[in-house]
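S.K.: Chain residues, written in single-letter form:
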Amino acid sequence: GNSVTQMEGPVTLSEEAFLTINCTYTATGYPSLFWYVQYPGEGLQLLLKATKADDKGSNKGFEATYRKETTSFHLEKGSVQVSDSAVYFCALSESSGNTPLVFGKGTRLSVIA
Amino acid sequence: EADIYQTPRYLVIGTGKKITLECSQTMGHDKMYWYQQDPGMELHLIHYSYGVNSTEKGDLSSESTVSRIRTEHFPLTLESARPSHTSQYLCASSDDVSDTQYFGPGTRLTVL
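Chains as they are written, first to last, in our numbering: chain A, 26 to 138; chain B, 110 to 221.
No wet-lab data here; the hints were simulated from the structure.
Heads up, a few of these hints could be off.
Unchecked claim - Here are the simulated DSS-like pairs of lysine-lysine, each with C-alpha atoms no more than 25 angstroms apart in a straight line: (1) B/Lys126 x B/Lys166; (2) A/Lys130 x B/Lys166; (3) A/Lys81 x A/Lys93; (4) A/Lys130 x B/Lys140; (5) B/Lys140 x A/Lys77.
Unchecked claim - Pairwise CB distance ranges (calculated): (6) A/Ser121 x B/Glu131: 48 to 56 angstroms; (7) B/Ser163 x A/Glu41: 43 to 51 angstroms; (8) A/Thr96 x B/Asp168: 27 to 35 angstroms.
A quick note: this is a predicted structure, and the numbers were derived from the prediction, not measured.
Built from N, CA and C at the ideal position, the CB exists for glycine as well.
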């Protein structure tokens, strides 16, 4: 079945450091890929998405590229801020769209000033 | 901006009580979902619905039940709450085109 494996946390970085959170997936067909973010005390919000191979999703300085050859969708940001402290979830939607999203286990990021 | 609402935001109840967690959305989405989120952050899908009068169980066995009588409303009911039900419950909805899920703010339930 479909699955998502993401880097375990917690991850602690200093402000302005470079961020990478790894995400790999297993899926049949051509899934869509997502990154969601959950700030403390809130629900999840869509951060970015990509629907086909080589697509790059980007938002708020975060980027992720859909790599079919390595089945990966790693999240990156060049310079993190304290306000980026949150839990990040990688997810996939299978190509038929007939089953719910499959989420990774989440990675907690803490950014210190 | 997504318009999906959950009430209550926080609830503390005693063992054996019946409770209903409310979820409603104003986007006209056919698909709705309930997740249980454990303290370790992982999300577990407990129920979902792809339209009125359609409900399915998710990956995590749950003692809760759901109903979908109206498109905009997807309540979750626990007939007899237990301390093991203490958790954060998240509701979400999505449209048929993009599969992007929109989440509510969550209900944090504590059963004493």
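S.K.: Need the status of pair A/Lys81, A/Lys93: alpha-carbon distance at most 25 angstroms?
M.R.: The hint holds at about 12 angstroms.
S.K.: Would you mind confirming whether the straight-line C-alpha gap from B/Lys126 to B/Lys166 stays at or under 25 angstroms?
M.R.: Holds: B/Lys126 and B/Lys166 sit about 22 angstroms apart, inside 25 angstroms.
S.K.: For the pair supplied as a hint, B/Lys140 and A/Lys77, is the alpha-carbon distance within the 25 angstroms limit?
M.R.: 23 angstroms, holds
S.K.: Using the Cβ atoms, figure out if B/Ser163 sits within 43 to 51 angstroms of A/Glu41.
M.R.: 49 angstroms, holds
S.K.: Return holds or violated for the Cβ distance of A/Thr96 and B/Asp168 against the range 27 to 35 angstroms.
M.R.: For A/Thr96 and B/Asp168 the Cβ distance comes to about 21 angstroms; the hint is violated.
S.K.: Could you see if the CB distance from A/Ser121 to B/Glu131 stays within 48 to 56 angstroms?
M.R.: Given a distance of about 31 angstroms, which is not inside 48 to 56 angstroms, the answer is violated.
S.K.: Quick one, are A/Lys130 and B/Lys166 close enough, alpha carbons at most 25 angstroms?
M.R.: Status holds; Cα separation ~20 angstroms.
S.K.: Quickly compare the C-alpha distance for A/Lys130 and B/Lys140 to 25 angstroms and report which way the hint goes.
M.R.: 22 angstroms, holds
In this structure, the earlier hints numbered 6, 8 are contradicted, and the remaining ones agree with it.
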